[in-house]
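Protein sequences, first through last, are from chains V and D. Using the UniProt record's numbering, the letters of the first sequence correspond one by one to residues 1 to 332. Using the UniProt record's numbering, the letters of the second sequence correspond one by one to residues 1 to 332.
Be careful, since some hints might not be right.
Intra- or inter-copy, both count: the list cannot distinguish identical chains.
Claimed, not checked - With a straight-line cut-off of 16 Å between C-alpha atoms, the simulated EDC-like cross-links for lysine to aspartate or glutamate are:
#1 Lys58 with Glu208
#2 Lys58 with Asp236
#3 Lys300 with Asp105
#4 Lys172 with Asp85
#5 Lys91 with Glu26
#6 Lys267 with Glu77
#7 Lys91 with Glu208
#8 Lys91 with Glu80
#9 Lys325 with Asp180
#10 Lys187 with Asp56
#11 Lys198 with Glu288
#12 Lys91 with Asp108
#13 Lys331 with Glu205
#14 Lys331 with Asp236
#15 Lys40 with Asp225
#16 Lys167 with Glu36
#17 Lys167 with Glu285
#18 Lys198 with Asp180
#19 Lys331 with Asp278
#20 Lys267 with Asp34
#21 Lys91 with Glu36
#22 Lys325 with Glu208
#23 Lys331 with Glu288
To be clear, the hints were calculated from the coordinates, so they are not data collected in a lab.
The chain contents come next:
There are 2 protein chains.
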Amino acid sequence: MATSQQIHLVSRPTGVPTQANFAQVEVSLPDLNDGEVLIKNTWMSVDPYMRPRMIDRKSYIAPFNLNEVMEAGAIGEVIESRNDDFPVGSKVSHISGWRTMHISDGSDLTLLPNVPLPDQLFLSTMGMTGLTAWAGLTKVISLKETDTVFVSAASGAVGSVVCQIAKLKGCKVIASVGSDEKAQMVKALGVDAVINYKTVANLTEALEQAAPHGIDVYFENVGGDHLEAALNVMNDYGRIPVCGMISGYNNDTAQPGPSNLFYINSKKLTMQGFIVIDYFDQFPEFIEQMGAWISEGKIKSEETVYHGIENAVDAFLGLFEGKNKGKMLVKL
Amino acid sequence: MATSQQIHLVSRPTGVPTQANFAQVEVSLPDLNDGEVLIKNTWMSVDPYMRPRMIDRKSYIAPFNLNEVMEAGAIGEVIESRNDDFPVGSKVSHISGWRTMHISDGSDLTLLPNVPLPDQLFLSTMGMTGLTAWAGLTKVISLKETDTVFVSAASGAVGSVVCQIAKLKGCKVIASVGSDEKAQMVKALGVDAVINYKTVANLTEALEQAAPHGIDVYFENVGGDHLEAALNVMNDYGRIPVCGMISGYNNDTAQPGPSNLFYINSKKLTMQGFIVIDYFDQFPEFIEQMGAWISEGKIKSEETVYHGIENAVDAFLGLFEGKNKGKMLVKL
């Protein structure tokens, strides 16, 4: 009888999550029914959006239940099959991560395309992460080559792709990161200027210095001080695609927002929130474009890899400690 | 020799402006040159946007200079003319208010259309105020009849027109006002529910009660607590045209913004700032539509009138004390 190691949410975090909020549980898997496959997961994704899902409140996605296995993007290989669409050896993506094994009737599975790319890219640049960056820049707003773009969390999973797409589009790109090591990384991706927000005295002044003609686009991953600085330095008619606001995810008590929101009015700015789910129908267009960029070496897939299901929680917690460069992944 | 009474800004206000920031000055006017006209102003407009113009900082419009007469929308009548385009008796609109007389070469003048409407409407519903409300609802966003619309400062110049246009479009309209008297006024304009924000214990709860299915559009005139409540109660894909944020105009020290801006992301909201100047080219379309509505009695022009240039500063200060119902005007 097959078993799966899986991670349960056992208590709802207050503030910064800790190991105590999670438990690793071994479960026995039933035999397959007709139409089902057994998948050995090989990679899983940990992402900041999982933190708000640990709170019991209404949102665009249901909260995680207590004492149940959580969801995460994952890649796996079919090791036993009673479904002709997914024979043994098929590589698939799905959202039943946080576990080593997954039984499926196939309805939640997508076959990985047969392209010469590492599997885990379908959790990063070729997956939701890449789609998020691409949709934010090309569908939520229409990026123009004359735009000066400010990217927060620029060394992160989405940020590192945003920087590269914006450079490919011909934009000037200013990146904000949290360490000198990450600054080196995003410089290597070709950005025009990097700010280490942890060492600058004043983020607005640093941004003004990096973008003396102001910024036209702020790709919002962070919120808080970064949004305030961006509003200060934005040019008229600036656009702010709002991808996330990680700075607030671990605050259980409400943190005040920026004090300069009036610039939205006086500078005629547009802030637009988006969730990647709404752009799933554009996956084919995205895959074609991104696949070409990656094949031509124009987009690099930065990644940080933790190993083993037993380190998956550490990988997740590391997102809030800035431990990842590029996409945070767990190799199962 | 003609003289003009005019109001100068003599010091930059800190916090709430006072009479001491202004002075009434009598100036002698020169004789007219060829091409010039002398205008006796009959009406002038005072507006919240004038407050930020009293601060010496870069914005979409140049700050007022110290010890000079200020600008304001005004209506006047030509009483002496050396310009055939504007014979004596012509009624004109221009931006040289805060004064009883104005000499012009005609380049800044617009003749009032020959329609049977009170002159001052060209400073309110048929002027910039009406254009602001109309453009915010129909050009910045595309109002749909299925929208539930929340309007802050709903008894104000712009707000009272927003309420009426939204009702004409078939929307459900929730209005927020600062007194029971104003609540009566906006009820008479046909809104579905009114909140007196000064007497409710919790603005979010009051809004939830008034809009149990959430709000789709928040017409932002106020900022602060109103924005926070609107974000709490907004439905997915909600739109927020940002017309102004008067709650912050008299704060010299930065006030924190709402603590729930993450809803912009998770609810996929759009906030879009706009300034009416950008919609001046749509004036003909606006005038045709609004003129018809007013003629048919479908839009009422609410107004509060102060009398005499010597009371113009009081009228302006009254804007921040909630003394106006509808458009605040000064009859000169």
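Legend entry - Structure-inconsistent hints, enumerated in ascending order: 3, 4, 5, 6, 7, 10, 11, 13, 14, 15, 16, 17, 19, 20, 22 and 23
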